[in-house]
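K.L.:
What follows is each chain in one-letter form.
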Amino acid sequence: MANPAQFTLLSRILHWLMAAMLLAMLFIGVSMVASLGNYHRLVAIHRPLGIMILILAAIRLVNRMFTTLPPFPPTMSQRERFFASASERLLYTLMFALPLVGWGMLSAGHYPIVMFGPVHLPPILPADPMLYAALRKTHTVLAYLLFATFLFHLSTVLFHTLIIRDRLLHRMALWSFRSRKGKT
Amino acid sequence: MGLIMRVTLIGVVLAGIAGLFLYAGGWFTPHALSPALMINTLEQTGGLHPGFRRNHAKGVCISGYFESNGRGVALSKATVFLPGRVPVIGRFALAGGQPYAADAPQTVRSLAILFKLPDGEEWRTGMNNIPVFPVNSAQGFYELLQASAPDHATGKPDPVKMNAFLTRHPESAKAMQLIHSQPVSSGFADSAYNSLNAFHFINAQGAVVPVRWSMVPAQPFEPFDMAAARRSDTNQLFDALIAGIHGRPLQWHLVITVGEPADPTDDATIPWPASRQQVDVGTLTIERVESEDTSPARDINFDPLMLPDGIASSDDPLLSARSAAYAQSFTRRESEPKAPSAVSTAETGK
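Line by line, the protein sequences give chains A and B. Residues 1 to 184 in the working numbering are what the first sequence spells out, letter by letter. Residues 185 to 534 in the working numbering are what the second sequence spells out, letter by letter.
Some hints could be false.
[Said to hold, decoys possible] Using 25 Å as the maximum straight-line C-alpha spacing, the simulated SDA-like pairs for lysine to any residue come out as follows:
(1) B:300 - B:401
(2) A:137 - B:522
(3) A:137 - B:207
(4) B:522 - A:49
(5) B:358 - B:300
(6) B:340 - B:358
Note that these hints are calculated values from the structure, not bench results. None of these values were measured; they are calculated from a predicted model.
Using the sequences and the accompanying hints, generate a full structural model.
P.N.:
Next comes the structure, spelled out in structure tokens:
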């Protein structure tokens, strides 16, 4: 089987950079709320990393709007294509929503929004206890939803790559597979 | 690789990632000491009082300004130490989780301050009127809470449990001796409030020094008069503070104690030698007092690690633990309906 067409190099770099940052962020977030000893160290990474994700999400969205996507491989059914597109939209939404909810939550909680050194962000919402409480809960729910969506995304790619063996992963790979057909 | 192997591989990868995620979140170790367990324990010992801080529950809010004399600039590049004034808001409180408890002279008194720096930075600090902290770790604090919880039968702490705690934690026994040897001052106004934990100051040249700080009262010390105490007045300490501020602004000197390399920064039970350099960096003036019912300070988390550039955390494990536990307490109380404070607007308006 020939290798399927790939996403552009920039799209692939952005994808893997975002994947690493999101996964790190999810693990930092879930660890810090359960930790007494490492809470401060983790939260000091969590805030600026969240803003970096927000910036990268904006770059990705612009890139996504101005590039042509490689076609879905023929091994993907209509239903799979629908779920792939829907989960992509959900992932993009969460990439924006989680940092914004986090930023808004700190604003509503009257927290200083420290990035690093003296650099800090302005509040984007007025200080309000109930608003803080609602956004704090929303932040957790969205984070678990993001983790579940990531697992779904990963499982479908693994299923196609390892079971159907249609080289779906190659579309997004940074490395290049030699086509097995090409060898013979 | 056979099909079954490949299916198994997918299952292992997915279950592995999900398992690691849940493990990181503490799902498999529900009895490990976490911020949630710490706050649950405070709720059990002090009773659950929705809307209130889980510790230092009874308090009153204040505002005023800090006037820096510029002497702190040599120690820290934080803009709060540049000569001039910055506005502050804060809160005086009594330790414990009961927002309606009667004021008792021996109860630990606290002062929390938020310095609003001109560039939008903030410095928040929570200080107590004890010379050292009774424990040096989160685990110690948790055990102390359990040992001092009132017994169901007597309504008082069980001395057997407390003795067992002190045997297990000799550092706490020493610290408590020091704490109890201090004379009790007449009220909030003539108490000194100490950072207890060590921090690092970083100056413009990048030099780092360990520090502790204190708010030292300009009001002269008067011993608490047990005989004259108005036992019928459940808010006697707060009422005296309110009357004092209404009389004239109260003042404290912010005194920085500069540690030397041998001084422990990771153990809040150990005092530093009295010979350490002390720098008076400015004066805190408290002009107004307001009930929690109307003050924005009610909804502020006085997390001791909300620090401006130029002040940083030390290796004291209590700091991160305080930060985590305060966040947990803050999130819980902010979502709850608010009950009126014992120190009401009628009281602060007197």
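K.L.:
Does each hint fit the structure? Answer for all of them.
P.N.:
Do the hints match the structure? See the list:
no. : hint          : result
1   : B:300 - B:401 : 21 Å, holds
2   : A:137 - B:522 : 19 Å, holds
3   : A:137 - B:207 : 20 Å, holds
4   : B:522 - A:49  : 34 Å, violated
5   : B:358 - B:300 : 37 Å, violated
6   : B:340 - B:358 : 22 Å, holds
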